[in-house]
Amino acid sequence: MTPDSQRRLKWRLVGAVAIAFAASMALTWMLHEKMTRRETRRLFDNVFSDVAVDIRERVDARMFRQAMAVRDKFYEMREEPWWNDPDESSRRLRLLADELGVDEICIADADGLLSHSARREEVGALDFSKDKGQAGEFASLLTDKYELSQPLMPNSLRGEMVKYVGVWIPDGGFVQVGGREKSVRNLSRTALTGLTHGWHVSGDDGGIYITTGNGTIISHPVAGREGGQWCEPDGDNYWEKRMIEGFPVYIVIPRRTAIVERRVLVTISAFLNGMALVLASLLVGIVISRYVRDQIAVRRKKEMAMAAEIQESSIPRVFPPFSEERRMDVFASMRTARDVGGDFYDFYFSGPSRLTFLVADVSGKSVPAALFMMRAKATIKGAVQTGLPLDKVAESANDALSRDNDASMFVTAWIGDIDLTNGVVTYVNAGHNPPILISGGGGTRYARELSGLMFGAMPGMKYKSHTLRLSPGDALYVYTDGITEQPDTNGALFGEDRLIGTIESILATGTKPLERDSSSMLGAIFAAVIAHGAGVEQADDCTQLVLRYNGDAGDGGNPA
Amino acid sequence: MQITKNTANGRLSMALSGRLDTNTAPELEEELKLDGVNEIVFDFAELEYISSAGLRILMTAQKAMMACGGKMTIEHPNDMVKGVFDMTGLSTVFTIAP
Numbered sequence: 045m046t047p048d049s050q051r052r053l054k055w056r057l058v059g060a061v062a063i064a065f066a067a068s069m070a071l072t073w074m075l076h077e078k079m080t081r082r083e084t085r086r087l088f089d090n091v092f093s094d095v096a097v098d099i100r101e102r103v104d105a106r107m108f109r110q111a112m113a114v115r116d117k118f119y120e121m122r123e124e125p126w127w128n129d130p131d132e133s134s135r136r137l138r139l140l141a142d143e144l145g146v147d148e149i150c151i152a153d154a155d156g157l158l159s160h161s162a163r164r165e166e167v168g169a170l171d172f173s174k175d176k177g178q179a180g181e182f183a184s185l186l187t188d189k190y191e192l193s194q195p196l197m198p199n200s201l202r203g204e205m206v207k208y209v210g211v212w213i214p215d216g217g218f219v220q221v222g223g224r225e226k227s228v229r230n231l232s233r234t235a236l237t238g239l240t241h242g243w244h245v246s247g248d249d250g251g252i253y254i255t256t257g258n259g260t261i262i263s264h265p266v267a268g269r270e271g272g273q274w275c276e277p278d279g280d281n282y283w284e285k286r287m288i289e290g291f292p293v294y295i296v297i298p299r300r301t302a303i304v305e306r307r308v309l310v311t312i313s314a315f316l317n318g319m320a321l322v323l324a325s326l327l328v329g330i331v332i333s334r335y336v337r338d339q340i341a342v343r344r345k346k347e348m349a350m351a352a353e354i355q356e357s358s359i360p361r362v363f364p365p366f367s368e369e370r371r372m373d374v375f376a377s378m379r380t381a382r383d384v385g386g387d388f389y390d391f392y393f394s395g396p397s398r399l400t401f402l403v404a405d406v407s408g409k410s411v412p413a414a415l416f417m418m419r420a421k422a423t424i425k426g427a428v429q430t431g432l433p434l435d436k437v438a439e440s441a442n443d444a445l446s447r448d449n450d451a452s453m454f455v456t457a458w459i460g461d462i463d464l465t466n467g468v469v470t471y472v473n474a475g476h477n478p479p480i481l482i483s484g485g486g487g488t489r490y491a492r493e494l495s496g497l498m499f500g501a502m503p504g505m506k507y508k509s510h511t512l513r514l515s516p517g518d519a520l521y522v523y524t525d526g527i528t529e530q531p532d533t534n535g536a537l538f539g540e541d542r543l544i545g546t547i548e549s550i551l552a553t554g555t556k557p558l559e560r561d562s563s564s565m566l567g568a569i570f571a572a573v574i575a576h577g578a579g580v581e582q583a584d585d586c587t588q589l590v591l592r593y594n595g596d597a598g599d600g601g602n603p604a
Numbered sequence: 808m809q810i811t812k813n814t815a816n817g818r819l820s821m822a823l824s825g826r827l828d829t830n831t832a833p834e835l836e837e838e839l840k841l842d843g844v845n846e847i848v849f850d851f852a853e854l855e856y857i858s859s860a861g862l863r864i865l866m867t868a869q870k871a872m873m874a875c876g877g878k879m880t881i882e883h884p885n886d887m888v889k890g891v892f893d894m895t896g897l898s899t900v901f902t903i904a905p
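Chains as they are written, first to last, in our numbering: chain A, 45 to 604; chain B, 808 to 905.
Please keep in mind that the hints were generated in silico from the structure rather than gathered at the bench.
Possibly wrong hints are sitting among the right ones.
What the hints assert, rightly or not - To give an idea of the interface, some chain A residues facing chain B are shown, with a C-beta separation under 10 Å as derived from the structure:
1) Val406
2) Ser407
3) Asp448
4) Ser452
5) Gly475
6) Asn477
7) Ser495
8) Met498
9) Tyr507
10) Arg513
11) Gly579
12) Ala583
13) Asp584
C-beta atoms are modelled at their ideal positions from N, C-alpha and C, and glycine is treated no differently.
Build out the structure end to end from the sequences listed, making use of the hints.
Printed below as a string of structure tokens:
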């Protein structure tokens, strides 16, 4: 673990925990807010129903006082001669209603019939004992109740919002008075003054306000503050309005004092702790798995680089390789397309005046190809060292590579050996690209023969060796298909024609196939391949080898 | 690369089109299920290019057919593909129908 990646891991872990913490804080806040609202609504419900009971009690008391005043008058009026004249009695009752500040006065007889009313048209129009709605409730005053009150509600005859109260007449029937919202308010507002003094809701700062229809406050949480005008609280408060007995009633509590039951708080914090734990472990898990993946990638890359180094160091890389040898020059280069490749070249003396040189290409890529490449290289060298003729060398190498080759790997190879006394090259081709013969006097051509099967594909194959003769100054260029099969952006391959054309144009500039101190031809060919494949990934390993015969005297055919 | 395949009575026929190279060879390897197959016919009329990775799969299939006494035929390879077979010596191993 490098210090750098350790530091990164630490910061990622810190980040993960911070994110989990922030997320849980945010959730806590949201949940708390939501729960607080819910709890506050519940609190409001309770307080509203309590305050409604108190308000109703006081309003009812005022209304009953009016009903009883009517009953007192009734005892006098029923003795009057006009009492049984509906027109006159209605007129008198109307006057009485105005005097008492109510909107309706009704008298029911012992049978429950509406016998007298401040509304002339309603006399006889209603039988309380038969009504199924609002009015029907008052029938109980005929049998088992002394008094009855109703909240403001739609009445039976007109559907108008009216509050009714009734008191019984001991010798039969009852008296009922009714008031619309405004009359009820006028009658009872003084009864409500200061009702909510010191009534604390949720700590010391919450309170209840009772107002009238035009917004005047008639009951304030703080004594002596009545008479002011109601205005809506700002966003720092929770508040709610409800109509009770015609009075707009408000409950206001500051948000900061809104409380949540302990049970709820415990539930929230348990839930959130769980969430935070899950979130934190998820995030930490992600961070760690990413870290492990990165580490694996780093290690793999390092291992691949080492594999590539081992592989590259297994092929000759020092040029010129034989400083005392003047009869020939050889140069080779290998550019792998990935970390480790399947190409290789090799050359070594297989006799005092005989140099064996080869270029090979293993099928496939990466580690399997690299392993098979090492095996193929050693197998071929072992076969060459037996001293057998080249065709037998090829057969024995093929048989060895075909055995125990479950992965069906194979390798194409072009193997040649040159007799440095006369420039005769004997070679076998195991499925490899044909090399190019570069004449010292000018001219290039492919040395194309019918090829044998690539090594490793099938045991028991026969190979045929061929010969060609290099004159002093001639060179042989051997390569792998990474050169000819590099596609351009349209998929067109570099190809054999372009390759030989490239070589000719390079030579035409005066560049020699092989300078003792330079590799300019191979570099220029590779540059042409890369230029062809501009915008495309290098498709395959590119390996090239060029060998020039300088003549037995080592003067390149040009004796001084 | 696209693969069209058809199996009947132990005869597997496969038509390939496009490029059979390092990137697409695993697809062919995946599709080439040889259980109970004793004859393979490849139609290469639409195959534009074959790389050594593709050759390896053909070679594996060829070996499998030889091991079970079956046979494998490659039909209509284009000049490029045929050139590769010639160059690699596989022309002498595969049965190739023009």
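Using Cβ atoms only, decide whether Asp584/A comes closer than 10 Å to chain B, and label the hint accordingly. holds, 7 Å
Should the hint that Ser495/A touches chain B count as held when the rule is a Cβ pair under 10 Å? Holds, about 5 Å.
Tyr507/A as an interface hint toward chain B, with CB separation required under 10 Å: holds, 9 Å
Classify the hint on Asp448/A as holds or violated, based on whether any CB of chain B lies nearer than 10 Å to its CB. With a closest approach of 14 Å, the Asp448/A hint is violated.
Using Cβ atoms only, decide whether Gly475/A comes closer than 10 Å to chain B, and label the hint accordingly. It holds, given that the least Cβ distance between Gly475/A and chain B is near 3 Å, below 10 Å.
Double-check Val406/A for me: the hint is only fine if its C-beta lies closer than 10 Å to a C-beta in chain B. Hint holds; Val406/A Cβ to chain B Cβ min 8 Å, cut 10 Å.
Hold the hint about Met498/A up to the distance rule: shortest CB distance to chain B must be less than 10 Å. Check passed: Cβ of Met498/A comes within 5 Å of chain B, closer than 10 Å.
Given hint Gly579/A near chain B, where the shortest CB pair must fall under 10 Å: violated, 17 Å
Given Arg513/A as an interface hint, is its Cβ closer than 10 Å to any Cβ of chain B? At about 23 Å, which exceeds the 10 Å cut-off, the nearest Cβ of chain B leaves the hint on Arg513/A violated.
With a cut-off of 10 Å on the beta carbons, see whether Ser407/A makes it to chain B. Holds, because the Cβ-Cβ distance from Ser407/A to chain B comes to roughly 4 Å (cut-off 10 Å).
Against chain B, run the beta carbon of Asn477/A and see if the smallest gap drops under 10 Å. holds, 7 Å
Is the hint on Ala583/A kept, meaning its closest Cβ partner in chain B is under 10 Å away? holds, 8 Å
Checked against the numbered hints above, the structure violates hints 3, 10 and 11; every other hint is satisfied.
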